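Q: Fit chain B to the given chain A structure using the hints.
One line per chain: the protein sequences are A and B, in this order. Add 182 to the 1-based position in the first sequence for the numbering used here, that's all there is to it. Add 182 to the 1-based position in the second sequence for the numbering used here, that's all there is to it.
Simulated from the structure, these hints should not be mistaken for laboratory data. All of these numbers come straight from a predicted model, not from anything done at the bench. Please note: incorrect hints may appear among the correct ones.
Just so you know, same-sequence chains aren't split out, so a pair can sit in one copy or run between any two.
Claimed, not checked - Below are the BS3-like pairs computed for lysine-lysine, each with C-alpha atoms no more than 27 Å apart in a straight line:
| no. | residue 1 | residue 2 |
| --- | --- | --- |
| 1 | K607 | K338 |
| 2 | K213 | K580 |
| 3 | K420 | K508 |
| 4 | K524 | K438 |
| 5 | K556 | K607 |
| 6 | K213 | K607 |
| 7 | K206 | K524 |
| 8 | K339 | K588 |
| 9 | K419 | K338 |
| 10 | K580 | K206 |
| 11 | K607 | K339 |
| 12 | K420 | K394 |
| 13 | K608 | K264 |
| 14 | K338 | K608 |
| 15 | K438 | K511 |
| 16 | K608 | K339 |
| 17 | K260 | K524 |
| 18 | K608 | K206 |
| 19 | K580 | K608 |
| 20 | K556 | K438 |
| 21 | K522 | K593 |
2 protein chains.
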Amino acid sequence: MTDLDFLFNPRSIAVLGASSKPGKIGYEVLKSIIDAGYEQKIYPINIKGEEILGMKSYRSILDVQDDMDLAVFALPAKYAPKAMDECGQKGVSGVVIISGGFKELNGEGAELERRTMETAKRYGIRVIGPNCVGILGLDAKFDTFFQPNYAMSRPKKGNISVLTQSGTFGLSLLECFAMEGLGVSKFVSYGNKADVDELDMLRYLENDEDTKIIVLYVEGLPYGREFTELAKNIGKKKPIVMLKAGRTKSGAAAAKSHTGSLAGNDAVFIGAMRQSGVILVDDIDEVVDVVKILSMQPLPSGNKVAMVTNGVGPCVVATDEIEYAKNLKLSELDKETVVKLKEHLPDFCVFSNPLDLTGSATAEWFGYSIEILKQDENVNTIMPFFVFQDGPLSQSMKELHDFMNKFNDEKKPMVCVATGGEFTKKQAARLQKNGIPCLFTPKRAVQALDKVVLYANFLRQRANLSPST
Amino acid sequence: MTDLDFLFNPRSIAVLGASSKPGKIGYEVLKSIIDAGYEQKIYPINIKGEEILGMKSYRSILDVQDDMDLAVFALPAKYAPKAMDECGQKGVSGVVIISGGFKELNGEGAELERRTMETAKRYGIRVIGPNCVGILGLDAKFDTFFQPNYAMSRPKKGNISVLTQSGTFGLSLLECFAMEGLGVSKFVSYGNKADVDELDMLRYLENDEDTKIIVLYVEGLPYGREFTELAKNIGKKKPIVMLKAGRTKSGAAAAKSHTGSLAGNDAVFIGAMRQSGVILVDDIDEVVDVVKILSMQPLPSGNKVAMVTNGVGPCVVATDEIEYAKNLKLSELDKETVVKLKEHLPDFCVFSNPLDLTGSATAEWFGYSIEILKQDENVNTIMPFFVFQDGPLSQSMKELHDFMNKFNDEKKPMVCVATGGEFTKKQAARLQKNGIPCLFTPKRAVQALDKVVLYANFLRQRANLSPST
Numbered sequence: 183m184t185d186l187d188f189l190f191n192p193r194s195i196a197v198l199g200a201s202s203k204p205g206k207i208g209y210e211v212l213k214s215i216i217d218a219g220y221e222q223k224i225y226p227i228n229i230k231g232e233e234i235l236g237m238k239s240y241r242s243i244l245d246v247q248d249d250m251d252l253a254v255f256a257l258p259a260k261y262a263p264k265a266m267d268e269c270g271q272k273g274v275s276g277v278v279i280i281s282g283g284f285k286e287l288n289g290e291g292a293e294l295e296r297r298t299m300e301t302a303k304r305y306g307i308r309v310i311g312p313n314c315v316g317i318l319g320l321d322a323k324f325d326t327f328f329q330p331n332y333a334m335s336r337p338k339k340g341n342i343s344v345l346t347q348s349g350t351f352g353l354s355l356l357e358c359f360a361m362e363g364l365g366v367s368k369f370v371s372y373g374n375k376a377d378v379d380e381l382d383m384l385r386y387l388e389n390d391e392d393t394k395i396i397v398l399y400v401e402g403l404p405y406g407r408e409f410t411e412l413a414k415n416i417g418k419k420k421p422i423v424m425l426k427a428g429r430t431k432s433g434a435a436a437a438k439s440h441t442g443s444l445a446g447n448d449a450v451f452i453g454a455m456r457q458s459g460v461i462l463v464d465d466i467d468e469v470v471d472v473v474k475i476l477s478m479q480p481l482p483s484g485n486k487v488a489m490v491t492n493g494v495g496p497c498v499v500a501t502d503e504i505e506y507a508k509n510l511k512l513s514e515l516d517k518e519t520v521v522k523l524k525e526h527l528p529d530f531c532v533f534s535n536p537l538d539l540t541g542s543a544t545a546e547w548f549g550y551s552i553e554i555l556k557q558d559e560n561v562n563t564i565m566p567f568f569v570f571q572d573g574p575l576s577q578s579m580k581e582l583h584d585f586m587n588k589f590n591d592e593k594k595p596m597v598c599v600a601t602g603g604e605f606t607k608k609q610a611a612r613l614q615k616n617g618i619p620c621l622f623t624p625k626r627a628v629q630a631l632d633k634v635v636l637y638a639n640f641l642r643q644r645a646n647l648s649p650s651t
Numbered sequence: 183m184t185d186l187d188f189l190f191n192p193r194s195i196a197v198l199g200a201s202s203k204p205g206k207i208g209y210e211v212l213k214s215i216i217d218a219g220y221e222q223k224i225y226p227i228n229i230k231g232e233e234i235l236g237m238k239s240y241r242s243i244l245d246v247q248d249d250m251d252l253a254v255f256a257l258p259a260k261y262a263p264k265a266m267d268e269c270g271q272k273g274v275s276g277v278v279i280i281s282g283g284f285k286e287l288n289g290e291g292a293e294l295e296r297r298t299m300e301t302a303k304r305y306g307i308r309v310i311g312p313n314c315v316g317i318l319g320l321d322a323k324f325d326t327f328f329q330p331n332y333a334m335s336r337p338k339k340g341n342i343s344v345l346t347q348s349g350t351f352g353l354s355l356l357e358c359f360a361m362e363g364l365g366v367s368k369f370v371s372y373g374n375k376a377d378v379d380e381l382d383m384l385r386y387l388e389n390d391e392d393t394k395i396i397v398l399y400v401e402g403l404p405y406g407r408e409f410t411e412l413a414k415n416i417g418k419k420k421p422i423v424m425l426k427a428g429r430t431k432s433g434a435a436a437a438k439s440h441t442g443s444l445a446g447n448d449a450v451f452i453g454a455m456r457q458s459g460v461i462l463v464d465d466i467d468e469v470v471d472v473v474k475i476l477s478m479q480p481l482p483s484g485n486k487v488a489m490v491t492n493g494v495g496p497c498v499v500a501t502d503e504i505e506y507a508k509n510l511k512l513s514e515l516d517k518e519t520v521v522k523l524k525e526h527l528p529d530f531c532v533f534s535n536p537l538d539l540t541g542s543a544t545a546e547w548f549g550y551s552i553e554i555l556k557q558d559e560n561v562n563t564i565m566p567f568f569v570f571q572d573g574p575l576s577q578s579m580k581e582l583h584d585f586m587n588k589f590n591d592e593k594k595p596m597v598c599v600a601t602g603g604e605f606t607k608k609q610a611a612r613l614q615k616n617g618i619p620c621l622f623t624p625k626r627a628v629q630a631l632d633k634v635v636l637y638a639n640f641l642r643q644r645a646n647l648s649p650s651t
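So that you can see chain A by itself, here it is in the shape it has in the complex:
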């Protein structure tokens, strides 16, 4: 196990290349650390020694009297080797190199990276980057992003941790999480991964109690077997959601010039990941959709899905997608279920799956239906498709949210779907605040649920194979 705690809970941070000019990376990084609410000591290091953001700065890290846990490099690549040497002399534990201009440029850049890392190794310094956006630590309340707060929202504290080779992908994902109300524990963008890599980070997160879900964006993985074994072990404890970019020949070439990664044999790797229970996704909103379900609901105990709605069109789309999905099936409702539904609901409802309550449906009809579907053993996941826009439902929203909360339990997952504008998004946000995922479109919801069920199947298979673990 790698202990990387000092990355997420540093007792002091130095910013090398700190600048007083807004827009400069060295300014934005320092400002982000301050704005995030970091409560320990911050030391701006600037060759001119000018005052920055109202703080005294130091010409060299060696001029600081205090001990130093973490140093962040926001300086041109050519200064990195010397800066790393000074960090070594100072006894710094970890360095985050935000700057680009290293291996991803080949030639001189690669040589600079080699020299910088040689120095780091000599001093035993662990390095994140270069060519990255660095770290977000919600416990110590800091981030090293050069994206200002007005341009990028940070998520709240939670139990999702993110490892990403692409800073852009990572910060876009963080913003999506923030918009959806999903909380993050730890985030590392590691760019060229000259030192700390996915293996180190995964080993750390495997035993991190604050991390319940791991999201991984990777371009190229040159150490297949070790990674696969590790992923499989972690997968038994917590899900890994992975987007592997650079899967095609052109994609791999783009990855190479991006983070200097080699893509390796893709088909073999993807197969191995599937076997390891890793949840594979292809796009950023697929990450969000899957994580929403995983983070809010219990895992489905089987593949059977029942839909209930007040406007059935999107359920027809979803029905097609369920039939296309490898791990899902439409529930055949129990006869008893249909009898109970008919006892209470009007005749003009359509008592099949999808269960169509029609546009006249009130919150109470949904509440009753969900209560009955919860009892049906042929139903493993309930998907309420809400048309919040419809008059009778839109006028009983408080009642609806009360019902949804009442039936939100650990026994059977609910995955809601609702497409619409401001009002709909507000209702979806309220559901999610109460721990009930609400996805935006039928196809996306079904495809995300399909992946979650595949993971649940993996866990059951593992449990059967090794009853002792």
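A: Frame of chain A, contents of chain B only:
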């Protein structure tokens, strides 16, 4: 050709089953017509003759002295045959039956529909529905939706027309259009399509000058060949974007109980649609993505795509998707292009495709790159991937929008991509207000562009086959 103008430009509207109780369909429909700003005469018809929303109501449509173009039914199915007969006596041209409880319920419902339609036919009344949300006409400024304005946003006036069998799908789509700033000309939700169907509507929209793009949501199509021929003819003039639900056996069953439609042989139908240039999509946000590109940009003159970005991760994802896509290819940039780019841009940029300007990129770097890429004959579509969150770019937004407007022309399409939170969405909205589409994620953007290029290919093939048309 079917002249259905009276549906979209009625000189008077009666609401049969108008109610004074908020939440009731007969109240909400009437209120929607008023709230939309309809400037002609409105007549509430209510059996009790009570005052509704400050308006005098009539016990029967026969009590109204005025001529009547359009009647909207918001009454229980059992009253429909009699109401239709009174509409006939009154000389009404068109009836929109919002109410459900007809063929979709079989048995008695089917019989009620048969009787109602028999009466309509006798009087020559054209009927929309039953079991639908009806019409949105942006010219006459009215809609017949029972979704109140606080719960459902209406889009602005524009040149997209929507035909939808599912009211829920249709109104969700309208809200997506409203959020994206896309404008609508005509909208018809036709539910059970007891009379006016896709063929009638398509024939009308084929020659409607206000309609530049047609969106079609269908469940089941029992008249394959006629539809295919019509679609092919329309496709030469304006694109049809179609979501066909009920493609699988279960989906078809769900469609049957939804709108009483039979699904027909799907594989054959889908093949015929492709041949006819119809753009097929599978989900609601796919409609939005494709329509955004079609409505804002010229069609690409070929399949070659060049990307330019200040954060390349999402471009790696997009590169994979371009390689998977059937109709797209990465541009090999002309040597001259690379020379020109290198003349002006810093050395640490990565001069390939994707062109990586790095996180240091300003608006000016983007402007210069796009100007050069516009001149490269190996580039048919330019995809700028913006990381609006990055400091240097976020601080030159006015300049960026100026550049984007300058290079937004009829010669070469631009399709932007930007994933993020509030700030990013604001910039995307501003791009789109200026006629430049900005899609949310790399995979979605590439898949939408792929479909647009397929349509452009269809048009070129048609032009080659029949040079005289």
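Q: Please go over all the hints and tell whether each is borne out by the structure.
A: Quick rundown of the hints versus the structure:
no., hint, in the structure
1, K607 x K338, "both (19 Å within a copy, 20 Å between copies)"
2, K213 x K580, "between (41 Å within a copy, 23 Å between copies)"
3, K420 x K508, "within (22 Å within a copy, 37 Å between copies)"
4, K524 x K438, "between (61 Å within a copy, 20 Å between copies)"
5, K556 x K607, "within (26 Å within a copy, 38 Å between copies)"
6, K213 x K607, "between (32 Å within a copy, 23 Å between copies)"
7, K206 x K524, "between (66 Å within a copy, 23 Å between copies)"
8, K339 x K588, "within (25 Å within a copy, 42 Å between copies)"
9, K419 x K338, "within (24 Å within a copy, 50 Å between copies)"
10, K580 x K206, "between (48 Å within a copy, 18 Å between copies)"
11, K607 x K339, "both (22 Å within a copy, 23 Å between copies)"
12, K420 x K394, "within (6 Å within a copy, 50 Å between copies)"
13, K608 x K264, "neither (52 Å within a copy, 42 Å between copies)"
14, K338 x K608, "both (18 Å within a copy, 22 Å between copies)"
15, K438 x K511, "between (41 Å within a copy, 19 Å between copies)"
16, K608 x K339, "both (21 Å within a copy, 25 Å between copies)"
17, K260 x K524, "between (75 Å within a copy, 21 Å between copies)"
18, K608 x K206, "between (37 Å within a copy, 23 Å between copies)"
19, K580 x K608, "within (13 Å within a copy, 31 Å between copies)"
20, K556 x K438, "between (50 Å within a copy, 26 Å between copies)"
21, K522 x K593, "within (20 Å within a copy, 63 Å between copies)"
Checked against the numbered hints listed earlier, the structure breaks hint 13 alone; every other hint is satisfied.
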